[in-house]
Structure formats: C-alpha cells, structure tokens
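A.B. asks: Protein chains in written order, with UniProt numbering: chain P, 1 to 383; chain L, 1 to 383.
Keep in mind that the hints are not guaranteed to be accurate.
Identical copies look the same in the list; a pair holds intra-copy or inter-copy alike.
Distance condition first, Cα-Cα at most 30 Å in a straight line; then the derived BS3-like pairs of lysine-lysine [said to hold, decoys possible]:
1. LYS59 / LYS20
2. LYS59 / LYS176
3. LYS355 / LYS250
4. LYS59 / LYS250
Everything labelled a hint here was simulated from the structure, so no lab data went into it.
Protein chains: 2
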Amino acid sequence: MRDVAIIGVSQTKFGELWDKSFRDLIVEAGITAIEDANVEGDELDAMYVGNMSAGLFVKQEHIASLIADHSGLAPIPCARVEAACASGGLALRNGIMAVASGYHDMVISAGVEKMTDVVDPTPAIATASDQEWEAQQGVTFPSLYAMMARRHMYEYGTTREQLAMVSVINHKNGAKNPLAQFPMEISVDAVLNSSIVADPLRLLDCSPVSDGAAAVILCPAEDAKKYTDTPIYVKASAQASGTIALHDRKNLTTIDSTVHASRNAYKMAGLEPKNIDLVEVHDCFSINGLLAVEDLGFVEKGKGGIAIEEGMTEIDGDIPVNPSGGLKARGHPLGATGIAQAAEIVWQLRGEAGKRQVDGAQTGMTHNIGGTGGTAAVHIFSN
Amino acid sequence: MRDVAIIGVSQTKFGELWDKSFRDLIVEAGITAIEDANVEGDELDAMYVGNMSAGLFVKQEHIASLIADHSGLAPIPCARVEAACASGGLALRNGIMAVASGYHDMVISAGVEKMTDVVDPTPAIATASDQEWEAQQGVTFPSLYAMMARRHMYEYGTTREQLAMVSVINHKNGAKNPLAQFPMEISVDAVLNSSIVADPLRLLDCSPVSDGAAAVILCPAEDAKKYTDTPIYVKASAQASGTIALHDRKNLTTIDSTVHASRNAYKMAGLEPKNIDLVEVHDCFSINGLLAVEDLGFVEKGKGGIAIEEGMTEIDGDIPVNPSGGLKARGHPLGATGIAQAAEIVWQLRGEAGKRQVDGAQTGMTHNIGGTGGTAAVHIFSN
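Chain P on its own, in the form it takes in the complex:
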C-alpha cells in the first residue's frame, strides 16, 4: 500500500449561490485545486466526486460523467460516491485508495451540492434517513437530532446553554473565514431566542441549506515534493457504518460509527486523541458537534457539554474544533462538506489559515457523518 499526500485544495464560497449552477460550482472548485497543486488538468488520472442527491436537487444523476464532459477531464475514470452528508468523506477515502492501490497516480477528490434550486429541500434531505421507517412517518432531520439532544440532556445533565455554545464557537471562528456562508458572530442569547425547529433545537442550532463545492488533489507521498514544498500527508483513512434508523440503536447518545471509524483511524495512524492538534467535526446540529468531541475520544462520554462551556474546543483551547466555522457557520452543501473539512485541515497544517490559524498545528483530523450516523468517515493528516 502506497502512502498518499494532498498537494492541492480548494473550496468555493458556500452560500445561497443563485448565480452559479451545479456545474459552475464543481468546475470552479476543480480548477482552483489544480492551480493550488501546481499541476495541469491533463496530469489527473481519475476523479471521485461526493454528492448526496443531485438526482433530487437538480434532477441529474451520472454527475461524474457530466463533470468529466463539462471540464474536459474525459477520458479519465470518474465516479460519484454517496453516503448522504458523508459523501465528501467517502470521495476522499476512495481517492486515497485509488492512489494507495497503484491504480492511479494523481486523483482529484471533490464534493458538490446545489441545494437551493428546489422550493423545499426537506424531502431530499430526508432521504438520508430510513425512508420507510422514518421519513415517510414525518420525521425530519432536526427532529431526529432533537431526540438525541433531549436524551443527552436527560442522561448527562447537558444544558441548553452548552448546546448553544457549539454554535457560538463555530460562528466566532467562521467570522474569520471569508469562504463561510455566515461569517458573523452570534451570542448564546441569540441561539436561545431563535425560532424553535424541533424542541430543544432552535434555528441557530441547525446548519443551513447551502450551495458549494470543494476539491483536493492526491498523489503518492513519495512524489509530493515534486509539486509542492508543503505536502500534507494522509496518516489514516477510516470509515464505519451504523444503523440508518435511530430506533435500531442501543442508545441515542453515542454515534457508534464515529467511535468505530475514529478508533480505526487512531490505530492506522499510531496516534491517540491527545496527539490531534485540531479537528473539523460534523456539527450539522449543535448536539452532533457535542457528541463528536465525546465519540472521537477527546472527552469522556457525557462530559462534552461542560468541556465546551469551559473553552476546550475554542481555537486556543486544548482541542480546537472547527476553526473553519464548521457546518453551522461555513455552511453545509451536503456532498462538499467532507472535502471542505479536509481543505481546512490542509490550510491549517500549511499555516495558511489567516486569522483563524491554530498555532503550531501539525496533526489534524476530519469527522464527516451521513444521516444520523449511518455512516462516519474519519481522516487524520499531518505536515
């Protein structure tokens, strides 16, 4: 198995991008990543693209071929991989395997979602849950995560204010990220007084509906210095499945797939949680940002709320979480998120993260979730 490095990254601005189409977004991300890697488009051997539901959002399947056509990448092999909101993480992982296996030498792994071309994105988003047992019964994603939040509050005494702090810290960081959808600070009071969505979750506990794309360029680690002075190395690429349906779980306060994927990632990298300098976690709802710091092993189960309240996850805390602003403030174009997380870690490990730079960051992690944890992808990178 060959070691793999990242030599280029990109992210488009995330937001409600009315003036950019699906194909505009992915081509913009691709070209920017290629330029960042100092390579030519015809040096690419293969493409993987993460996308949850172009079929429902823009009535387009076969998007890998669309992209190959529109960007002139054909005849190289192009594939879409999908695992709901973890699609980007899987595009990254399959790109890594394609290089590790020796099948391909230079791969672009990208992610894209165009969510604002439909009147109501809720039915499309709901297809990440169990359609027959959850979505058809009227359950939405805010309500699924609300049940997890309520149970965590009941079992561990987690407070409403602690949940709000997840969003507050994300926005504090996101305010320093020019590519974020909502680059402004918010207060705990603002979260607590925002509209109720699914009790106890309010509007400012929820990540937004977003358009956007991101990309990374991968090559064998041994070749990386040919292209860049600052390659970032993939130390671990792990993925795990959980139950898609919430009622199939033993408990609601742990996401098993996060636990499995992260433990496999630590083992693969030969590292422990204490060795991670920063992490991009999947805070699609505030409760998921809180569960992540527990399930990834940064704090004991049940202690996430207190740790966040005490500043552990701030940029200058013990384990900086989501310096990018996370899904909440950077935005969450579903298939692009896992790749945008990796781009942020690369910028941080290169020391290029500007006002949101984590000092001395050398090892970073990404955590990307599909649905309520039916899929988790965890990656570890170092400079």
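Fit chain L to the known structure of chain P by using the hints.
C.D. replies: Coordinates of chain L only, in the frame set by chain P:
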C-alpha cells in the same frame, strides 16, 4: 498492488418484482453470494453497492447505510457508487481497488435497482443524460440511441434486420437463463413488427424496466483457494469517461469510453480481443450491442452488423456475446447490471452455466455503459 479474485457470486431473478422491496432484493443477493463463497457475513470487511437512482425510484439515498443496517453488516464501511447504468461496474471496480490496495481483505460488491415502484420511470432514467442540454429538451434514452442507430445505418449500411438480430440472439440465450426477466425466444419479424419507440428503434430493440440485484465476493487472489476450488481471477479492471451529452461527440457511431476502457483493460491483462472467449456487453438498446462488438475490438468499425448477421456473436460463434441473455432478455435493473454481468462470466468460467454454457470458456469480459457512453467499465476475468 495485490491481485484479486472472485470467490462467490449471485443474482436475484430479474423482473417486475412487485412482492419484493428494494431492501429485500439487495439482502437476497448478498446472502446468496455469501453462501456461494462459503464465508460468513462477519468475514466481510467492506461493501460497495452500485445503484443509479434509489433517490428518484424509491426516495432513498444513503442506501449503503440502509443495507448495512438491514443486513447487520454494520460497522463495516459501506459505500454507494454511481455512474448511471454503469454503477454496478464501478461498484465492482472500487471493490477490486479496496482489496488491491490492502485496505480491505474481503469485500462484497453488489448492485441493485428497484424501478417498478414509480408510475413512470422515464424521468428518473433521463437523469443519466445531460439534464439541461438533453433531458429538459424532451430527449429520452431511446431517442438518443435511435440517433446513433440511424447514423450507423447511414454511414455503414447497417440494416434494420441486423439490429434486430442483436435482440434475437440475446433472447435465444436468455431463454436458457432461469434468472432472466424474459426467458423466451423472439424472431426477427417480431422485432420488426413491435411498436415503434424512437425511429428506427422498436420495443424489442429496447431493454426492459426491471427490479433486481446481484453481488460478488472479492478477496486477495493468494487467499482465494482457502474458500473455493474454482476462484475466478480479475485480470483487468478499467474505466473511462466520455461526454455525457451526445452533441459533444466527434461522431455518433463510436463510443469513445468503450474504446478507452477496453484498450486499457487489454493492456492491463496483457491480452488482445482474440484471447477473449466470451463477453457480456451492454445492449441497453440493440444498437449498443452492435457498437460494443466494434468498439471492444472484435470486428472493424462498421462491420458489426454483418458479423452479427453471420453468427459471430452466437454461443457457438467466434466471440459469444451475452450468453446470459444480456440486458434485453435478462433484464436491466440499472445498478445491478454490471454486477450481474460479472456473475454470468464467473458461472461460465466455472463451467456452471447449464444450457447456455460456452464450451471451454477460460477468459471472459464484461462491458458496462452509463448513459449513452458517458461512462464505460470493462473487466477481464480468467479461471
């Protein structure tokens, strides 16, 4: 890069399976493949599933997680890969890479589509073409392939009867396949007198709308004999992209992605067309069955019609094509087709194909197309 072998295969009956759900079909295929491989479910390390559009057909994305949940495969990594009707071929290829890379030791690559739960599958199928430039303008897949057929007739003198022979031979073979959707023979007259769909293509030139699933079990070649006396070895796994939109092509009578993928496959395997004993080609429409024998290099461009008329592709011909019955007679549940093709080749190379057995088959090929050739996956196997 590790060599890879197939140690187990399965296919459900293809057809309008009103009494079986999406999840029933994929679990049936999975269990049957696991039994065929003489392994236990908990020996599997990862799953890849090819599916074109569960989002539009059954309102379910995140199907890899759904399957992991419903079949008890969690926590192993499960991923959906999609490239329209070539999704199965890509699930196979990504499973092969996962084993070749050393990331996983035993992988199940499966494919599934449940197409008959919607009133009209046409809008979903059309998302395999360019939505903005083709589908939205009213172009359907029969009409796209009809243009290719008409042009081939114009340029090379291919006759209506020669096209009909593609379907006739498929049905002659499919009549001997108990898992086929339409296991009965048809005549040239029946094709020529069937309803017009898109001139010159008629109903019996077109593959049907189908439900079904198929699966293969992969492991490192060096371990294969632990599980079976008749492992089938993967000699090549290649994929290429073409333009998704027909108007972007230099000509309509060659599918470039088939040419690129097959040439890469021959090179990888160190073989030439003359070394292939049988092939499963992607005859979604009769013209595509004809283009395939030309673009895969079995006959010169333009000579496909005459070669088929003269019996080259019959089971006892120079290059037996689609002993299974192909997409036309076996059926075409989009995401399952690429895997079902591999299952047929495995049965043939094991000598287990019953009344449709190709005598002395030692090397077989599969050819799986997405859209009108936006994607092609070509695999070569030997015993």
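A.B. asks: For each hint, tell me whether it holds in the structure or not.
C.D. replies: Hint check results:
no.	hint	in the structure
1	LYS59 / LYS20	both (16 Å within a copy, 26 Å between copies)
2	LYS59 / LYS176	neither (35 Å within a copy, 38 Å between copies)
3	LYS355 / LYS250	neither (42 Å within a copy, 50 Å between copies)
4	LYS59 / LYS250	between (37 Å within a copy, 26 Å between copies)
In summary, the structure is inconsistent with hints 2, 3 from the numbered list given earlier, while agreeing with the others.
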